[in-house]
Amino acid sequence: MKAFLHLLRRELHPIVALLIASAVLVGLPGWMILDRAAILRNGAEIVLKTAPVDPRDFMRGDYVQLRYEEISGVDGSLFEGELPPRDRPAKLWLTLRTGEDGLGVVKAVSLNKPVDREPGEVFLRSEPLRLSRSASSESVAGELLLSFGIERYYVPEGEGLEIEAARNQQRTTVAVRISDDGDAQIARIMIDGKALYEEPLY
Amino acid sequence: MLRRYLAREIDQWVEHGLLEATQAKALLEDHDRRHTGLSLSSVLAVLAAVLFGAAVIALVAANWEAIARPLRVALIFLFIIGGLSGAALAALRNAHWIAEAMLVFTLLCFGAGIALVGQMYHLSGDEADFLLSWTFGALVVSLSFSSPLAAISAGFLGLGYLFSVSDGLGMFSSWSGPDLTGYGLALSLTVAVGIAAWRSRSTMAGHLGAVMLLCLMVWIFEEATDLNPGYLLAAIGALVFATGSLLPLPPDAPVERHGTLSAYGAVLLLGGLGLVQADSDIASLPGSMAFAALVLGTSVCVLVVAGGENRMIRRFAYFAFCCETIYIVGETLGSLLGSAGFLFFGGLVLGALAYAMMRLEKRFKKEGMQP
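Chains as they are written, first to last, in full-length UniProt numbering: chain A, 1 to 202; chain B, 1 to 371.
So here's chain A without its partners, still in its complex pose (with noise of 0.2 Å):
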């Protein structure tokens, strides 16, 4: 135990602490945005139509909040296969496809990532949810507010008004690109089919 102890106290050459430090500090916010360009570069693309915003939400700093109508709220009556075991909180599995306007629907919803895939199809993960299974039947009930991870777009002070009054007249539509693993990104934010943004991978 002592011997032990005195082990956690030796102390590492500063050379080596600096070595350390720098990989994990630098390391992580350079994790974050090499994963973020690799989903950019590889993953596959659909286009979301954005929903209006409960407008106390506006601007919170200089971001604009975005809200998917397809896939923000999912109807529970979409979700296959089993349940998770309890109450806890779970990633849902979106299984997506382009409709015939050119816009992604929800195809299903299921808790595990679905084997086989459709051409055409792209599986979403969902960030944790606490499902709440109705009392008595083995189905979800009511709408899924599911989020993704891309409901936030940084924008130059003030220039978030105009993607939010078209948001909210639903002409904002988004390009997400979605890896495998099932993780989104933002590629594009088009108003009426335009592209306002189109994001650098760096």
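Fair warning: there could be bad hints in the mix.
Here's a subset of chain A near chain B, in silico, CB distances under 8 Å, partners left out [stated by the list, open to error]:
hint	residue
1	Glu11
2	Leu12
3	Pro14
4	Ala17
5	Ile20
6	Ser22
7	Pro29
8	Met32
9	Ile33
10	Leu34
11	Pro89
12	Gly193
Restraint-style ranges between C-beta atoms, simulated for each label pair [to be verified]:
hint	chain 1	residue 1	chain 2	residue 2	range
13	A	Gly30	B	Tyr5	46 to 52 Å
14	B	Met289	A	Glu11	54 to 60 Å
15	B	Met204	A	Pro156	58 to 64 Å
In case anyone wonders, no lab produced these hints; they're calculated from the structure. Backbone N, C-alpha and C define an ideal beta-carbon position, used for all residues, glycine too.
Model the placement of chain B on the given structure of chain A, informed by the hints.
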């Protein structure tokens, strides 16, 4: 604080002829030489580092649009690596407080960097995610450089994370049910803060780690049961106090008898009982009196066991005893007598209490005088 206390005591000894004035001076000088802990210059160096860190963030934020995105990231990385290199250089030259100041600067840049990267690349994430990353960075810095200030930062950031991820320790959360992954993560953070505190010999960080552990337990308790967390705190307190004060400890044990561990135990035990009492819905007078008697009895027990050895425990137990007495006086006399009678009896009881305390203190002093 210790120095002021020591200087005062030494003055007393000189006055009573126990010490020569020259000896007194030598003693204080010796103390100052060995405890260079927090000198004014080191405090100023850390404050300067904080200002520099803030300046960097303001500079980058102000010229936001003018700087290309990859360049902004490169700048942030440059500041981080620069801060760490400065710390390593200072450590090589044994300038520990300069190193500490550099590390504080680095951690500020890192926190700002995480926030800016999230913003620049539209990575959604809540405060909990942000605080988690920041805590992690502070832990890595503290562990690698054995830095006390980074350990303290990690403690504060970790507490912030704990509160934000648990919706105020589960007290404001509509959800009640266990979240095992969340608990596991919070526990590993707490243990890591403890290790960082041990490595860097920071008492303050150690206390923060202990507070994190308690918050974590309250969080789990709050979500897993419908009971008042006071019960949990009192139970832990009793256990910890018994360990610190009653258990026969080996002479080389890392905890001191009647030391910090006992003090934590006493505060938790009495605080927990107080929480239960404040929240209790025992309607009957005899019931609430029985509980009040339990609290009084507990504070006396704590006093008798460890009060003579530990000033902090003694003061806290007195405090609890007095609060409890005032509570009893308020509950009983207030309902039986008019307000004049209430005040009279209240005064009488407090007077008697003061007398009893004086007797107790005298006994402790006598015991203290024995060889």
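Results of checking the hints against the structure:
Hint status for Glu11 of chain A relative to chain B: holds, with the closest Cβ pair at about 5 Å, below 8 Å. Using the Cβ-Cβ criterion of 8 Å, the hint placing Leu12 of chain A at the interface with chain B is satisfied: the shortest such distance is roughly 6 Å. Here the hint on Pro14 of chain A is kept, as its CB sits about 4 Å from the closest CB of chain B, short of 8 Å. The interface hint given for Ala17 of chain A holds, since its Cβ lies 4 Å from the closest Cβ of chain B, which is under the 8 Å cut-off.
Taken as an interface hint, Ile20 of chain A checks out: its beta carbon lies about 4 Å from the nearest beta carbon of chain B, inside 8 Å. The closest approach between the C-beta of Ser22 of chain A and any C-beta of chain B is roughly 5 Å, which is under the 8 Å cut-off, so the hint is satisfied. Residue-level restraint check for Pro29 of chain A holds (minimum Cβ-Cβ distance to chain B is 4 Å; threshold 8 Å). Below 8 Å, beta-carbon pairs count as interface contacts, and Met32 of chain A has one with chain B at about 6 Å; its hint therefore holds.
Among the interface hints, the one on Ile33 of chain A holds; its C-beta lies about 6 Å from the nearest C-beta in chain B, closer than the 8 Å criterion. For Leu34 of chain A, the shortest C-beta to C-beta distance to chain B is roughly 10 Å, which exceeds 8 Å, and the interface hint is violated. Restraint check, Pro89 of chain A versus chain B: the minimum CB separation of about 6 Å is within 8 Å; hint holds. At its closest, the beta carbon of Gly193 of chain A sits 21 Å from a beta carbon of chain B; the interface hint therefore is violated under the 8 Å criterion.
A beta carbon spacing of about 49 Å between Gly30 of chain A and Tyr5 of chain B agrees with the range 46 to 52 Å that was offered as a hint. The hinted range of 54 to 60 Å is satisfied by Met289 of chain B and Glu11 of chain A, whose Cβ atoms lie roughly 57 Å apart. Judged by the Cβ atoms, the range 58 to 64 Å given for Met204 of chain B and Pro156 of chain A is violated: they are separated by roughly 42 Å.
Taken one by one, the earlier hints fail for this structure at numbers 10, 12, 15, listed in ascending order.
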